[in-house]
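S.K.: Residue numbers (numbering that gives the first Met the number 0), protein chains in the order written: chain A, 0 to 448; chain B, 0 to 296.
By construction, these hints were calculated from the structure, which means they are not laboratory data.
Every residue gets a Cβ at the ideal spot worked out from N, C-alpha and C, and that includes glycine.
Among the hints, a few may not be true.
[Stated by the list, open to error] Below 25 Å or equal to it, Euclidean Cα-Cα: the simulated DMTMM-like pairs (lysine to aspartate or glutamate) are:
| id | chain 1 | residue 1 | chain 2 | residue 2 |
| --- | --- | --- | --- | --- |
| 1 | B | K159 | A | D247 |
| 2 | A | K139 | B | E56 |
| 3 | A | K430 | B | E257 |
| 4 | A | K82 | B | E56 |
| 5 | A | K430 | B | D157 |
| 6 | A | K404 | B | E234 |
| 7 | A | K82 | B | D69 |
[To be verified] Short derived list, chain A residues pointing at chain B, Cβ under 8 Å:
| id | residue |
| --- | --- |
| 8 | A85 |
| 9 | G111 |
| 10 | F112 |
| 11 | M201 |
| 12 | D202 |
| 13 | Q256 |
| 14 | K257 |
| 15 | N258 |
| 16 | V259 |
| 17 | L260 |
| 18 | G403 |
| 19 | K404 |
| 20 | Q411 |
| 21 | Q414 |
| 22 | A415 |
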Amino acid sequence: MQKKKWIIIAIISLVVIGSLWGLKGGKEVNKEKKVVEIITWEGELVGDAPNVKVMRAIREEFDSTHPNIKVIRRSSPSGEERKVFATAMAGGTGPDLAEIAGVDTRTYIEQGFTAEITDLIKDWGECNNIYPNMLEPVLKDGKYYGIPREFYLMHLIYRTDLFEKVGLDPQKPPRTWEELIEYAERLTDHSQNKYGFALVGMDYCGWHFMDYLWQAGGEFMEVDPKTKMMKATFDQEPGVVALQFYKDLRWKHNVIQKNVLQDYGDLSTDFVAGRAAMYKFYAQDLPHFINLGLTPDQIGLAPLPAGPTGISVSQMASRVYIINPTISKEKQQAAFEYIKYLVSKETMINTWKLREKYGILSPSIPIWKGLQQSNLVDFPENWSNAIEEQSKYARSEPFFPYWGKVKQYLIQPIQAVLLKRDADPQIEMKKCADRVQKELFDPVGPVDL
Amino acid sequence: MSRRGEQHYSAFDKPKWAAVLFLLPGILTFILFRYYPMVKAIIMSFYDYSIMNPPGEFVGFGNYTRAFQDPMVSLVWKNTATIVGLSLLGIFIPVILAILLDEVRGGKVLFRTIYIIPAIMPAMVTIVLWKWFYNPDYGLLNIIRQGLGAQPLGWLNDPKLAKLCLVIPGFLSPGYTALIYLAALQGIPRQMYEAAIIDGAGYWQKLWYITLPRIVPMMGIMLILKIIGAFQTFEAPFVYTGGGPLNSTKVVALYIYEEAFNFYRMGYGTTMAVILFFFLIVLTCLQVRFFKTDPDA
Chain A
0 MQKKKWIIIA IISLVVIGSL WGLKGGKEVN KEKKVVEIIT WEGELVGDAP
50 NVKVMRAIRE EFDSTHPNIK VIRRSSPSGE ERKVFATAMA GGTGPDLAEI
100 AGVDTRTYIE QGFTAEITDL IKDWGECNNI YPNMLEPVLK DGKYYGIPRE
150 FYLMHLIYRT DLFEKVGLDP QKPPRTWEEL IEYAERLTDH SQNKYGFALV
200 GMDYCGWHFM DYLWQAGGEF MEVDPKTKMM KATFDQEPGV VALQFYKDLR
250 WKHNVIQKNV LQDYGDLSTD FVAGRAAMYK FYAQDLPHFI NLGLTPDQIG
300 LAPLPAGPTG ISVSQMASRV YIINPTISKE KQQAAFEYIK YLVSKETMIN
350 TWKLREKYGI LSPSIPIWKG LQQSNLVDFP ENWSNAIEEQ SKYARSEPFF
400 PYWGKVKQYL IQPIQAVLLK RDADPQIEMK KCADRVQKEL FDPVGPVDL
Chain B
0 MSRRGEQHYS AFDKPKWAAV LFLLPGILTF ILFRYYPMVK AIIMSFYDYS
50 IMNPPGEFVG FGNYTRAFQD PMVSLVWKNT ATIVGLSLLG IFIPVILAIL
100 LDEVRGGKVL FRTIYIIPAI MPAMVTIVLW KWFYNPDYGL LNIIRQGLGA
150 QPLGWLNDPK LAKLCLVIPG FLSPGYTALI YLAALQGIPR QMYEAAIIDG
200 AGYWQKLWYI TLPRIVPMMG IMLILKIIGA FQTFEAPFVY TGGGPLNSTK
250 VVALYIYEEA FNFYRMGYGT TMAVILFFFL IVLTCLQVRF FKTDPDA
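For reference, chain B alone in the conformation it holds in the complex (with noise of 0.2 Å):
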């Protein structure tokens, strides 16, 4: 019991400050090397950009009516929606692969092991030799399909098949993700399960009534981060085709990386930035509000 007038404190209670400078120098790096630029790059999209001198000369919204006029732009968004939508083609399987680690009774860690280590390998690795895999001439895939007596495909060099060779790397990596599906499935209390069998309740009953909704807004999470992810990839198509055959792998990324850097137009290169941004974050919106349940509702 405090005495009247004496300041009492709780550990709730304790002076911000504190708090305020253990954060400051991250909150300053924060916006030093993300605000700082994402702010910046917004101004010079009003600009024709001058390297030399700038910012150069201001056009308004110049940068943006062309974006919107330029051919090229509505063929990289459709190139990217199609990739996007066929990287969602993967989606279930690091959870299928989650469940079934957490099934397996013996050797789990071994088991984690085996998936996790193809996950830590760079990504531009794991491109190069996929590169080579799909080479029409000696690769891998084709002479695995000579094998088999089949015909061998232009894979890369199919505009019909290269969106597809893009993403399929994606899919035999689920390591990373479904470790973190598995930290969420042995979240789920044990007793729920022991109460369900009690209650009569077979394997894919537990699944769909136990564990799934369980890891439904994790799925959620991963979702959004899958698409925000796929919306800006760059490095596959710049590696494996740039942005060919017949410019069906040109994806927004790399349409601005190459108007940006190969012909000096900084301003119209962060304009399609800019508009890339803001679409994301409305879809983002829009997902969160979508997988915004209770898992115990």
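Looking at chain A on its own, in the form it has when it is part of the complex (with noise of 0.2 Å):
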């Protein structure tokens, strides 16, 4: 009796001590893959919405193939996104990689919220594969900064079912600024509250006037070569005819909204109520006005239409991805592979081919040379077509020192002679110049550029 109580122990014992050996181990193989965690503000993807089943496909195969990097998707915190960016910054909760708008890029830089990681790209070696122009916002003093995604283009959108109402035909939009206040003429008709064009006269106008000024031929500014001192040039010839345009849509022809404030958010809600006719809008925000319950037929792209040079010159703005300076370097390199997956070629592709699969038309522009949208995706016609002419007059946009500034100070010129009939696109074009110079440019000093 004895002898088996022993024989119980012992067999009880080894049971024990064998199953805390398997245990330990166990954790030894797990401890040889280190999972690194990046906190992005991509959010959580929630129900079965097309646009959602593609970002979802896209992330499962990041997820799948990169075991060692576990991507946190968090929301932003509500609010407008750049404030909320800063704001997380400062109080160190930002993402360890954000999505931003490329016309950021150059401030957020000097505010120090993005990462340098020139040793990053060059080790990836896939520069000479982009666009150069595209590299302009993420490279500064030599070095990047970040890493654009893709780009997009102004253009000019208009319901084709409203050109067809008035008798016009939709495979004809305007091309010159003639033609534009010819058509929204045309459009017009202020007993139903119908405009022809609606345009920006908002706190964001400065950045819609832009394409204008340059289609007129001018340029915000210019640097001397001897003082390297920065001169407005907005006021010059160019300028003054572009703001000039603006006041004859408004009040010789009477072809814009009444509500100058008008927000670009009611404008695209009066482009797809019908209210307006014609828009001056990113191509790859189409998808929103077809959430909204248009047609893809009852959406017409062209070029913008070309002012007096004859040029249908149209901004090219970008999304960039960034990292956050002040994570570890481990961290870094892993946001880093995570930026390069969701920018390659194959990724582009991948998404594109989705979206067509679930019936989202979004064009867009990747940074890859030879790479083209339209040759692997079937738009209607008329919008590779458009897409296709207005990369050719593409051009990023400005970012010299106080570029934001002087977009806020152009509100003032434009909104004068949007509210006043009687104002004077020249003096208010001077006396803005003369603002920008002595507040803004003067102070600045020389400037290398």
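Each of the two chains sits in its own frame; use the hints to bring them together as a complex.
M.R.: Written out as structure tokens, the structure is:
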């Protein structure tokens, strides 16, 4: 009996020791694969809407092929993107990587929101395959601070059904400022609260005015070759011509909305509701109009009408990925891996194919040389032609010091001509340029741009 | 009667530590979320504040000098003062409403409810609704004007009208303030009115000699709060106009916000906030002194 008791105790002890040994061995196996966690503000995906399905597929592909990188996708705090991001960075709660508007890149570099990633990009070795002008926003003093994902251009979008109603051919959109006025006059019916052309006149109006100034042959600023001082040039003849065009749209031809302060969200609503027949907008936002109830057949896309120079210049804006400079090198490397995946040719093509599969028509211009979306996706022919043609005359938004402030100062002359019939574009532009020169450019001193 | 040497406590002599302990959480929260940010803001105003490497470069009174030389600052102060003045035009509406509510015989609760419900609606809802009313293309106000044979107005698009447009919705929401005045009116002893009637006083005499003197202190407080609120106005110009048209509705709070969050000049933004703060302190002290009246005098 005593002997049996000791045998049972020995067997139980062996089982316990063996289990503990196995558990310890399991832990040692897990330690070999270290998982790096990175936080983004992409947000969790909820539901089965077409765009959600696309994003889900793209994310799952990365997650399954990169088991060493765990992407924690949180929703960004509510509020306007820039303010929320700056507040989070100030409080040390910013994401490890962020997708931002390309126009903000220089400002964010100056504020210290972005990590310098020149070494990572050089090791990547893909710069020669990217259009050089597309890398301009992320390059400062020869160093890289981000990677652009894709670009988008301003186009003229118009309601083909409204064109047909007034006897205009939707396949022949306006090509010049004069034609734009002519078409807008035919499309305007104030008794029905319908107007031909939606014009942005609220506090982002300087941004939209950019294209018109360029189309008139002007520039916002030049650097004196001798003194290296910045000089405001938008009050020269092209700037006055562009502002006069705005004034004529409002007072001479009366083809824009009376509510000058309408923001572009409301202008989009007017476009969808059929109150506005034409609008200047980013082609990438076409799915937004389709989500609001329009069909692709109702939406026409055209290059921006050409100004006096005969060239339909359009601003080229990008979305850029940046990395948080306060995170560890290991996390920066992991974030860069995720960015590389998101901007890669394969992911771009996969995204386009998925969007086409789920009925999302969203034109975009990739950063890669030789890659064209219209070669791989069936867009309405009108859209493909418009994008291809507009691409020839696209240029980046300026990024000299105080460019953001200059756009704010431009609100004054733009709203003056839109609100006061007797406002003189030349005087208004001169006043604005003098203020910019005195309050912004002169204090900066010599620059090296 | 207490014995010699024995401690005797009344209700007013209880150890104060209990009171302090009960007050402490509230005081600490107040200090942390009110006074600490204020002090921090004052300190920030002496720096060209850097978000990522705080506090940045020390500039002394550089931000203050700049604020007093900035032409936009004088414009925004002028705009703000005008809006404050315009908002005071409606200061008597809640008083009149309260007096009428006090006078009404039947349906007091119904009338009070009718006037209170709009007051508890979030301000943003009111602002967005009024933005649609003011739309010059298809807003309700211009439709009414055109129906009456009048020309449509620009409303928020007219630099001369925009400021008034910001304050008009406030005139039509007197319910909350009227309720406070109503409470003050109902605190007036009825015997005073009865004695006045016996002495042959009419309605206007009762109003002038009994009612109004009793609610003047309350009016003083509401005026102070109204002026402080008006100087800090932000939501309405931000949502309605963004500061336009032609900077006619750009107010101090909006300019502070733009400088701090659009252009990341936190130091300069807090400087203007500090200036506004001290201005309001001085103004409030003056008003408090002015409204120190004894209703029984």
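S.K.: Each of the hints needs a verdict: does it hold here or not?
M.R.: Right, here's what the structure says about each hint:
1. B:K159 to A:D247: Cα-Cα ~23 Å, so holds.
2. A:K139 to B:E56: Within the cut-off at roughly 23 Å; holds.
3. A:K430 to B:E257: Answer holds: A:K430 to B:E257 is near 22 Å, not above 25 Å.
4. A:K82 to B:E56: holds (22 Å)
5. A:K430 to B:D157: Judged against 25 Å, a Cα distance of about 21 Å means the pair holds.
6. A:K404 to B:E234: Measuring from Cα to Cα gives roughly 22 Å; hence the hint holds.
7. A:K82 to B:D69: Distance of about 24 Å is within 25 Å: holds.
8. A85: holds (6 Å)
9. G111: holds (4 Å)
10. F112: holds (7 Å)
11. M201: Since chain B brings a Cβ to about 6 Å from A:M201, closer than 8 Å, the hint holds.
12. D202: holds (4 Å)
13. Q256: Since the shortest Cβ distance to chain B is 6 Å, the answer is holds.
14. K257: holds (4 Å)
15. N258: holds (5 Å)
16. V259: Because about 5 Å separates A:V259 from the closest Cβ in chain B, which is inside the 8 Å limit, the hint holds.
17. L260: holds (6 Å)
18. G403: Nearest chain B Cβ about 7 Å off; hint holds.
19. K404: holds (7 Å)
20. Q411: A:Q411 check passes; min Cβ-Cβ to chain B is 6 Å, inside 8 Å.
21. Q414: Hint holds; A:Q414 Cβ to chain B Cβ min 5 Å, cut 8 Å.
22. A415: Where the cut-off is 8 Å and the nearest Cβ of chain B is about 6 Å from A:A415, the hint holds.
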